[in-house]
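J.: What follows is each chain in one-letter form.
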Amino acid sequence: MRDADLKKIIGQLLRYGVLSASVIVLTGGVVYLVRHGGQAPQYHAFRGEPDQMRQPALMWQAMLHGEGRALIQIGLLVLIATPIARIVFSIFGYILEKDYLYAVITAFVLLVIVWNF
Amino acid sequence: MTVVVFTAVIFTGALVAGLLGSLTGLGGGVVIIPLLTLVFKVDIHYAIGASLVSVIATSSGAAAAYVKEGITNIRLGMFLEVATTVGAIVGAWLATWLSTSLIAILFGLVLIFSAILSFVHLADPVLTGEPGGLSKRLRLNSSFPTPDGEQPYFVKNVIGGFLMMNIAGIISGLLGIGSGALKVIAMDNVMRVPFKVSTTTSNFMIGVTAAASVGIYLKRGYIDPGLSMPVVLGVLAGAFAGSRILTSARTSRLKTLFALVILVLAAEMIYNGFAHNI
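As you go down the protein sequences, you meet chains A and B in turn.
Counting with the numbering used here, you get residues 1 to 117 for the letters of the first sequence.
Counting with the numbering used here, you get residues 1 to 278 for the letters of the second sequence.
With the rest of the complex left out, here is chain A (with noise of 0.2 angstroms):
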């Protein structure tokens, strides 16, 4: 795989992951606003989401249970996972390239955002 393939592959890779994730939150808005959109929002007052909106396994169950909500959760973990997969990707091009000091730099990176996940 020489550079220029790789840099077609994180173009896609980029250009599909931020359609997908448009896709699945707009659905999941759809369902979402079908179901409670004659409700009054509540945003003035900070109150912390739910624990099915904050950890990615109770988020999956609630979709499957239909909510709309959770499936827009879903798609943003889908677009916060396009810069993540990009890098990943990266590293192996920089061991391809046998680019070791640019594969540990990358590396590290990738560590850091995980890391906080």
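Bear in mind the hints are in silico, worked out from the structure with no lab data behind them.
Treat the numbers as computed from the prediction; the structure is a model and nothing was measured.
Just so it is clear, CB atoms sit at the ideal spot from N, CA and C, and this is done for glycine as well.
A portion of the hints provided could be inaccurate.
[As the list claims (entries may be wrong)] Heads up, incomplete: computed chain A residues facing chain B, CB under 7 angstroms, no partners named:
#, residue
1, Arg15
2, Val25
3, Thr27
4, Leu33
5, Arg35
6, Gly37
7, Gly38
8, Tyr43
9, Thr106
10, Ile113
[Claimed, not checked] Once the Cα atoms are required to be at most 30 angstroms apart in a straight line, the calculated BS3-like pairs of lysine-lysine come out as:
#, chain 1, residue 1, chain 2, residue 2
11, B, Lys196, A, Lys7
12, A, Lys7, B, Lys136
13, A, Lys8, B, Lys196
14, A, Lys98, B, Lys136
15, B, Lys255, A, Lys98
16, A, Lys8, B, Lys136
[Stated by the list, open to error] Beyond 10 angstroms from chain A on every Cβ pair, some chain B residues (computed):
#, residue
17, Ala123
18, Thr146
19, Ile167
20, Val190
21, Leu236
22, Val264
Fit chain B to the supplied structure of chain A, relying on the hints for placement.
T.: Only chain B this time, still in chain A's reference frame:
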């Protein structure tokens, strides 16, 4: 106001913010947070969470177009991401400790700073001469395509740029914005990288920087799906439209107008912060 109306209004606001942010290069986040907190009285933590996610969306969306063109200096971006991601985590951690009023005041100050920075004359890039020691060892010097062929350039003051990026990362994690203006200044005026390279490389870094702090926001329950949905979709649609109609002719007047809007919003944020309304 019902959720449907609220969502429609927020979507429209985010669309305009994304459009203006993309046309002026200042990003949509700088408008979306004041809009949500000042106009819609949304708690600033929710506003920052929604903005942070939209920053990832626009950065990744725009980067898809840039990667192919070979202007982005990916090595430079990766190296500086060490500084921005660590900074972003410090910033997100600070956001959970500082009072919302203080965050509002800091936000206002950063807004003023960004608006002024966008008019600062950028230093000329270093295109000739000897490559510096550190930038050579880190293989940061590169070239970019021009109509006359590949133009090589040299990266100066690596340590200074790295430290400035660390601050940009802290601000991004604390306030939920891309801090693109600060990133471009660090690369242009400190590291003396050509403007085309610094804007695309900065955009490349913004998404990764935001991804580092967003996990903390999610865990703390700052990311609300009902609010993030219209913000992300609106900013993304606006930024996409902006990239399609980008004509350099009238952007300088638009930039001045946008900077004035930002200054007014900044003053409001600072006032409300001191009055403890936020």
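J.: Taking the hints in turn, state whether each one holds.
T.: Outcome of the hint check:
Interface hint at A:Arg15: satisfied, since its Cβ lies 4 angstroms from the closest Cβ of chain B, which is below the 7 angstroms cut-off. The beta carbon of A:Val25 comes within 5 angstroms of a beta carbon in chain B, closer than 7 angstroms, and the hint placing it at the interface holds. Among the interface hints, the one on A:Thr27 is violated; its C-beta lies about 10 angstroms from the nearest C-beta in chain B, farther than the 7 angstroms criterion. For A:Leu33, the suggested interface contact is upheld, since its CB lies about 6 angstroms from the closest CB of chain B, less than 7 angstroms.
Nearest Cβ of chain B to the Cβ of A:Arg35: about 10 angstroms, over the 7 angstroms cut. The hint is violated. For the restraint placing A:Gly37 at the interface with chain B, the shortest Cβ-Cβ distance is roughly 4 angstroms, inside the 7 angstroms limit, so the hint holds. At a threshold of 7 angstroms, the smallest CB-CB gap from A:Gly38 to chain B is about 5 angstroms, leaving the interface hint in force. Interface hint at A:Tyr43: satisfied, since its Cβ lies 4 angstroms from the closest Cβ of chain B, which is below the 7 angstroms cut-off.
With 7 angstroms as the threshold, the beta carbon of A:Thr106 comes within range of chain B, its nearest partner Cβ sitting at about 5 angstroms, so the hint holds. Interface restraint check for A:Ile113: the shortest CB-CB distance to chain B comes to about 5 angstroms, inside 7 angstroms, so the restraint holds. Taken as a hint, the B:Lys196 and A:Lys7 pair is honoured in the structure, with Cα atoms around 18 angstroms apart against an allowance of 30 angstroms. With a C-alpha separation of about 23 angstroms, the suggested pairing of A:Lys7 with B:Lys136 holds against the 30 angstroms cut-off.
For a cut-off of 30 angstroms, the pair hint linking A:Lys8 to B:Lys196 stands: about 20 angstroms separates their Cα positions. Between A:Lys98 and B:Lys136 the CA atoms are separated by roughly 17 angstroms; this keeps the pair inside 30 angstroms, and the hint holds. At most 30 angstroms may separate the alpha-carbon atoms for a hinted pair to count; B:Lys255 and A:Lys98 exceed this at roughly 44 angstroms. With a CA separation close to 27 angstroms, the supplied pair A:Lys8 and B:Lys136 stays within the 30 angstroms bound.
Every CB of chain A is more than 10 angstroms from the CB of B:Ala123 (nearest about 26 angstroms), matching its label as outside the interface. Remark: the non-interface label on B:Thr146 is consistent with the geometry, its nearest Cβ contact in chain A lying 19 angstroms away (cut-off 10 angstroms). At roughly 17 angstroms from the closest C-beta of chain A, the C-beta of B:Ile167 stays outside 10 angstroms, upholding its exclusion from the interface. Taking the minimum C-beta to C-beta distance to chain A, about 20 angstroms, the non-interface status of B:Val190 holds against the 10 angstroms cut.
With a closest Cβ-Cβ approach of about 6 angstroms to chain A, B:Leu236 is found to fall inside the 10 angstroms limit, against its non-interface label. Distance check for B:Val264 against chain A: the nearest CB is about 23 angstroms away, which clears 10 angstroms, and the non-interface claim stands.
Violated hints, in rising order: 3, 5, 15 and 21; the structure is consistent with all others.
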